[in-house]
Amino acid sequence: MIELFDVTKRFGSETAVDGISLRVERGEFCALVGTSGCGKSTTLRMINRLIEHSAGEIHLDGQPVRNFDEQTLRRRIGYVIQSTGLFPHWTVARNIGLVPRLLKWPRARIQARVEELMTLLGLPMESFADKYPHQLSGGQAQRVGVARALAADPEILLMDEPFGALDPITRDALQEELRDLQSRLHKTIVFVTHDMDEALRLADRLVVMDAGRIVQQGVPLDLVREPADAFVASLLGGDDRGFKEAALTRVGARMLPLSPRLIARARVHREASLRQALAVMFREHADRLTVVDDEDMPVGELSLRRLVGARPHE
Amino acid sequence: MSERALAFGLAAALRHWWLPLVWLGLLLLASLGMAELEAGFRWLEPDSREVIYRRTDFLTLLGRHLLVVGVASLLAGLAGVGAAVLVTRPFGRDFLPLVAQLASMGQTFPPVAVLALAVPVLGFGTLPIIVALVLYGLLPIVRNSLAGLQGIDPAVQEAARGMGMSKGQVLRQVELPLAAPVILAGVRTSVTINIATAALGATVGASNLGDPIISGIVNGNTAYIVQGALPIGLLALTADSAFERLLRHLR
Ligand SMILES: Nc1ncnc2c1ncn2[C@@H]1O[C@H](COP(=O)(O)OP(=O)(O)O)[C@@H](O)[C@H]1O
Ligand SMILES: [Mg+2]
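Those protein sequence lines, which keep their order, are chains H and S. Numbering follows the numbering used here, with no gaps: position 306 of the first sequence is 306. The number in the numbering used here is simply the position in the second sequence, starting from 1, with 1000 added.
No lab work stands behind these hints, which were simulated from the structure alone. Using N, Cα and C, we set each Cβ at its ideal position, and we do this for glycine too. Be aware that a few hints might be false.
Stated by the list, open to error - Selected chain H positions facing chain S (in silico; Cβ < 10 angstroms):
1) Arg75
2) Tyr79
3) Gly145
Stated by the list, open to error - Per the computed footprint, the stretches of chain H lying under chain S, defined by three or more beta-carbons under 8 angstroms from a beta-carbon of chain S, are:
4) 59-73
5) 90-104
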C-alpha cells in the first residue's frame, strides 16, 4: 500500500507537485493522468525517492519512505520508464537479472527467474537471452524493461508512460499483456500516462492531475459519468466521453439471453466492450448482435437499444 | 585437446592483431639491427666519419622511451579519468567548466615551454619530461572522458539508480564501461602524441630515442636523425594500431 499525505515538491521557486494526497491499495492499478508537465513523473519518482519530496509524507505499508535505505527501497519497487533505460552493454538476460544480482541471489536462482520472466513476457530464451538491447524492436525492449522491473518480484510497480513511444498496434498488445499479467500477479501499480484511453483500459482507479494538484480521483466509470469540472471532462474526451464510457463496459454486462427470434448474423465476443460492439453494428449495418463466448458459441444477444441503455417507452 | 584450443586462440589473436604485431616486429628489427643498415646510412650521410649512433644501444633507448611514455600516460590517464569522473558527480559539477578549460589550456601550452619552466624547478633528467608529457597528454583524455561520461543516455542512468544500484555500482558497472571506448580513444591520442613528444626529453637530459635526433641536429648528421625518428615512428604506429584493435574489441 502506498500513501501520500499532502506531498509537495518544489524545484527552486517552482512548485511541481502541490500538496497531493493519494492512497493506492495493495493490488490496485492506479493511473495518474494529466497534461504534460502537470507533475505526474515527479509524483512517481518521489515514491522510489529518485526525487526527494519537499513537504508531506510518503508511506509504504505504513512506513515513511525516508526510513528506508534508498537502495533497499528501490530494489523492492519495480520501475519502468518510457525509454526503457536498458543497459546497452548488457545482454537481455543480464539486464533482466539486474536486481536479483544486486540482491545477491544465488546464480541458479537468478538464471531460473530470468528464464521464467522471459517466458512470461513472450521472449523465448533461445532467441533473446543473448541479444543486446539495440537488436530489439521497441515492443521487445519494453517487454524486457517490464521483465527487469518484475525480476525480484516486487510488491510495487511504478511505470512512467511505459508504452508511450510504441506504435499503436504494439502498444495495444502490450496493454493487453499488462492487463493479463496484473490479473495474475496483483501488483500494486502506479502507472503514469497522458493517454486517457490507456488509463481507462488498464486502471482500477484514475487520478487526474493538473498543475501539480489532483483535480479528481475515483473509479474510471465514475469519472467518465461525472467529471468534476470542464478540465476533467475535456481530458476525458469532451463530446467523445460517451465512447469512453462505452469502452469501459463489457458486452456481457448488457446482453440479454438469446431470444427465440432469428439469430443475428453479426457477432461480438462477450468480453468485448460496448464500444467495440457499437463499432461492429456500424460496420455490419445491424442493430442486433449475437454475443459469443471463447468457443464462438452464442450465449446471448445485444440490441442497439440495450447497448445505449435506452429506457423503455422513450 | 587444450593444445588445439591454444592453437585456435593463437590463430584468432594473430588474425586480429597482425598489424600491431607487424609494426612491433619492424620496431624490434630496427632497434636490434640498426647497424646492419650502415650502407644505407652511409649513402645518406657520405661525409660523416660515423653514420651509426653508438653512444647507447637502441634497445636501451627504446626501453627508456617506453618507460617515460608509459609512466606519463598512466599518470595522465589516472588524473584525466579521475578528474572527469569527479566533475561529473553531483558534488563536483561546479568544477566542470574549470577542468574542461584547464585541460584545453594544457594542450595550447607548447611542451617545450613546459620543459623550459619545469627544468629550473625539477632539475634536468626524466622528471621534467614526464611532467610535460602528463600535462600535454591530459587534454585528450579529459576531453574524451567527459564526452564519454556525459554522452551516456540519461535514461540508462535513471534506470540504474531506479533499480537500486549504488553510486559506485552505477559508475563501475554502467558509466565507465559505456564510456570506455571514448575514453580509450582519448588515451590513444594521448599516447601517440606523447611517443613523439617524449623525444624532447633528450634536450633536458632524459635519455631516450630523442638522443640520436638531438645529436644529429647538433652535429649535422642526418643519419642520426633518421635513426631516432625511425623507431619513434614505428613505436607510434605499433601503439596506434594496437589501440585501434583494442577499440574495435570494445565496440
Ligand atoms: N529535475 C527537475 N528540476 C527542475 N524542474 C523539474 C525537474 N523535474 C521536473 N521539473 C518540473 O516540474 C514540473 C512537472 O514535471 P513532470 O513531473 O515531469 O511532469 P509530467 O510527468 O506530468 O509531464 C514541470 O514543470 C517540470 O519542468
Ligand atoms: Mg513525465
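Just to be careful: measuring from the Cβ of Gly145/H to every Cβ in chain S, is the smallest value less than 10 angstroms?
holds, 8 angstroms
Hey, does the Arg75/H contact hint survive, CB to chain S under 10 angstroms?
With Cβ-Cβ at 4 angstroms, under 10 angstroms, it holds.
Satisfaction of the Tyr79/H interface hint, Cβ to chain S closer than 10 angstroms:
With a closest approach of 4 angstroms, the Tyr79/H hint holds.
Verdict on chain S covering the region 90-104 of chain H, where coverage means 3 or more residues with a C-beta closer than 8 angstroms:
holds (count 3)
Taking 8 angstroms as the C-beta cutoff, is the stated coverage of the region 59-73 of chain H by chain S satisfied by three or more residues?
It holds: at least three residues are needed, and the region 59-73 of chain H offers 4 whose Cβ sits within less than 8 angstroms of chain S.
Hint compliance for this structure: no hint is broken.
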